[in-house]
Structure formats: C-alpha cells, structure tokens
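Engineer: Add 16 to the 1-based position in the sequence shown for the working numbering, that's all there is to it.
Each hint should be verified, as a subset may be incorrect.
Unchecked claim - Listed below are the simulated DSSO-like cross-link pairs for lysine-lysine, each with C-alpha atoms no more than 30 Å apart in a straight line:
no., residue 1, residue 2
1, 42, 105
2, 315, 123
3, 123, 105
4, 42, 109
Calculated from the structure, these hints are not laboratory results.
Computed from a predicted structure; not experimentally measured.
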Amino acid sequence: MSTARNEVSIREPGEEGSQAVNACRKVVGLVPAPEMPTEMAEQAIDELPELLANYVDDRLSWEVQLIVDPLIGAAEASSDIIGSILEYKRDQKWDYAICITDLPIFKDRRFVIAETSTVHGLALISLPAFGISAIRRRLSEAILQLVNELHHGSSEEDRARQEQRTQQSDKVHKSLRGKGARQLLGRHLYEKLFPVRRITLPGEGESFDVRFIADSKINGNLRIMAGMVRANRPWTIFPAFKRVIAVAFATGAYGLVFPTLWQLSANYGRPRLILLMGVAMVAMIAWIIIAHTLWESMKNARSPRLVRLYNTVTVLTLSAGVVFYYGILLGLFCFTVLVFIPANMLEAQLGHAVSLFDYTTLAWLVTSVATIAGALGAGLEDEETVRNATYGYRQRRRNQEANKH
17 MSTARNEVSI REPGEEGSQA VNACRKVVGL VPAPEMPTEM AEQAIDELPE LLANYVDDRL
77 SWEVQLIVDP LIGAAEASSD IIGSILEYKR DQKWDYAICI TDLPIFKDRR FVIAETSTVH
137 GLALISLPAF GISAIRRRLS EAILQLVNEL HHGSSEEDRA RQEQRTQQSD KVHKSLRGKG
197 ARQLLGRHLY EKLFPVRRIT LPGEGESFDV RFIADSKING NLRIMAGMVR ANRPWTIFPA
257 FKRVIAVAFA TGAYGLVFPT LWQLSANYGR PRLILLMGVA MVAMIAWIII AHTLWESMKN
317 ARSPRLVRLY NTVTVLTLSA GVVFYYGILL GLFCFTVLVF IPANMLEAQL GHAVSLFDYT
377 TLAWLVTSVA TIAGALGAGL EDEETVRNAT YGYRQRRRNQ EANKH
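The whole structure should be built from the sequences, with the hints applied where relevant.
Structural biologist: Here it is in structure tokens:
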C-alpha cells in the first residue's frame with residue numbers, strides 16, 4: 017500500500033517580494049489521520065492563518081498546510097510516531113508540525129490530550145480527548161495553543177507582548193480575547209467539568225517537553241470513551257447493515273401473518289417486553305463481536321488498560337448503533353401493523369376493542385423478534401463491512417496489527 021498524501025496549502029505568497037515574505041513567514045503543517053481528524057482539520061484550516069497571526073505572532077505571515085497520512089501506524093505511544101512526523105516536517109520544510117490522531121494516548125496513569133516538543137518543533141493532539149461536542153472549535157484552540165508553545169518556547173516576554181496585542185486587536189474572535197496562551201484549554205464549562213492540566217516534562221531523555229492531560233481519572237475516562245465512540249461513527253452501522261435490516265424486516269413481516277404474535281403481544285406485560293428488547297439487543301451486539309472477532313485479546317498486549325478501553329469502546333459503539341437500528345425497525349413495524357392489520361381482525365383475536373397502544377405493543381414485540389433474526393444475519397455480513405461500520409480508521413489499523421500477533 018503506497019503512502020497517500022493529500023496536501024492542501026493556503027496563503028501562498030506571490031513571486032514579487034517572495035524573499036522578504038519567506039524571511040518573515042512561518043509554515044505550520046497539520047498531519048491528521050483519515051476520516052474524522054481530517055474532516056475536523058479541513059474545517060479549521062481556513063481560519064488558522066489569520067488566528068495564528070493575531071494570536072501567536074502578528075509580526076509574521078503564517079501559512080498552513082495539510083497532509084493526510086494513512087500510514088503513521090496504529091501507535092499506542094506518542095513517541096512511536098515522532099520519526100514519521102519529523103520526516104514530514106523535514107521533507108515539506110515546515111517550521112512546525114502537528115499530528116492529529118483519533119487514538120487515545122495514555123501515560124503515567126493519565127490520558128494525554130496534547131504534547132509538544134520545542135526542540136523538534138512538533139506537537140501531537142489526541143482527538144478523542146476532546147470528547148463528543150464542539151470538536152472543531154477545540155481543535156482550533158488547541159492548535160493555537162500548541163503553536164504558541166512551540167513558537168515562543170520559554171520566552172515569557174514575547175508571549176506577554178503578543179497577548180497584549182491580542183487583547184487590543186479587533187480582528188481576534190471575542191472568545192479568544194483576554195485569554196492567556198495557557199488558558200485556551202481550560203476556560204469553558206466543559207473543561208471545568210473535565211479539567212485539563214499542563215505539565216512541564218524534564219528535558220533529558222524526553223521526546224516531549226510539555227504535556228496536557230485529563231486531570232481527573234473518572235472524568236478523563238468518560239471523556240476519552242465518548243470521544244472514541246464518536247470517532248468510530250456508530251451512525252454508519254445502519255446504512256452498512258442494509259442486508260441485516262432486510263432480513264430482520266422480512267422475518268418480522270412474515271411473523272405478523274400469524275396471529276400467535278398478536279396474542280403474545282396482548283399477554284406480555286411491559287416488564288417482559290423490556291426484557292425481551294434487552295435480550296435481543298445484547299444478543300445482536302454479542303453475536304457481531306463473536307462472529308467478526310472484534311474482541312481484542314489481552315495476550316501480548318503492550319498496555320492491558322488500553323486493550324480494556326478499546327473493548328469497552330467497541331461495546332459502546334455497537335450499543336449506540338444497535339439502539340439506532342432498533343429504533344428504525346420499530347418505526348417501520350409501527351407503520352406496517354397500522355397499515356396491514358385490520359382492526360376488526362385484531363379485535364377478533366384479542367377478544368376486546370383495540371387501541372393505538374395494542375398496535376404499538378405488537379410492533380414492539382415484532383421488533384425484538386426481528387432483531388434476534390437480524391443478529392444472525394449480522395454474523396453472515398462481510399467482515400470488512402462490519403469493521404468499517406464499527407471502527408474508526410485508526411482503531412481498524414490497530415485491530416489489524418493486533419490480529420497479526
């Protein structure tokens with residue numbers, strides 16, 4: 017598989033006066049993983065040059081380039097990808113390079129949100145650490161803060177000068193005005209609920225010199241899991257499982273021909289219907305995991321904690337997808353029973369006048385039965401289709417690497 021490089025560059029200077037521009041120009045390279053990291057980076061890239069000039073250093077002209085990298089690897093440690101990012105930085109003649117990954121980084125019993133290396137002029141952002149909402153805004157703010165760290169280094173004087181200029185500028189977005197270079201990741205309500213801490217690392221023997229971590233273990237875990245589930249895009253399960261839905265709907269529709277299900281729906285209480293729904297969903301999730309080997313083994317794992325995290329995220333991703341799948345089927349069967357089952361026939365079988373509640377209960381029961389049939393159909397689905405529907409790009413790469421061992 018060859019390296020696919022998709023480069024987007026903006027704010028190219030003209031030929032006239034190019035030497036003067038190059039002398040006071042800084043180039044920032046973004047290297048996102050495919051899918052969600054690339055989507056977020058592409059949405060943020062247009063506004064970054066102006067923000068960098070107004071927020072980091074207004075004496076310079078800023079250029080931002082983007083290269084999508086599918087082959088950095090499914091690294092469990094941030095240090096594993098430094099070599100690849102440094103190669104990009106050298107080849108593209110960037111001043112600073114920022115890698116954006118959708119895998120979690122776990123160090124010293126804390127999840128890492130971002131890291132910077134002033135010596136190498138590079139930074140790493142773990143996108144799942146941003147959670148599930150306002151990802152593009154958080155990514156833009158993180159890039160500004162990290163470039164600020166790389167550009168000013170230990171020079172508090174330069175940083176203070178630019179902060180003063182930022183506060184006075186009418187070009188800076190009001191959400192950034194009045195905030196210090198080290199406050200961007202901790203000023204919103206979300207960051208107060210899920211606090212972020214900046215720590216300085218010892219220079220000797222460390223690849224990175226500044227690290228931003230999720231300060232709370234419990235909140236950090238919730239934040240990471242939510243972000244990873246979002247990166248896996250559980251909403252893609254429904255269109256990917258078209259054949260499964262067809263099998264489930266055909267099974268349920270066929271069952272409606274026989275009055276047995278009608279009578280069962282009238283005699284089942286709500287607790288039994290809820291239990292049957294839960295069993296059907298769990299059966300579908302479990303069978304998909306077993307049939308397509310989505311459960312990651314702890315054997316030979318570099319980090320058992322991360323393996324447990326990946327397995328938990330797999331279950332949560334499938335759970336979200338199956339709940340959506342169940343809701344769609346329920347809606348289809350509600351429409352079906354209302355259209356195709358005459359009220360007088362249903363009354364004759366149940367022995368009492370029927371209402372909308374009776375139709376809804378019947379659709380609920382049929383949906384649960386059809387979901388169990390759909391679980392068997394999901395086991396027959398193409399394995400690549402299942403993995404594409406349940407995993408984000410980086411986790412698919414990592415899972416492939418894990419299955420080789």
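Engineer: Is the straight-line distance between the alpha-carbon of residue 42 and that of residue 109 30 Å or less?
Structural biologist: holds (10 Å)
Engineer: With a cut-off of 30 Å on the C-alpha distance, tell me whether residue 123 and residue 105 pass.
Structural biologist: OK: residue 123 and residue 105 at ~25 Å, within 30 Å.
Engineer: Mind checking the alpha carbons of residue 315 and residue 123 for me, to see if they're no more than 30 Å apart?
Structural biologist: It holds: about 21 Å lies between the C-alpha atoms, which stays within 30 Å.
Engineer: Quick one, are residue 42 and residue 105 close enough, alpha carbons at most 30 Å?
Structural biologist: OK: residue 42 and residue 105 at ~12 Å, within 30 Å.
In this structure, none of the earlier numbered hints is contradicted; all agree with it.
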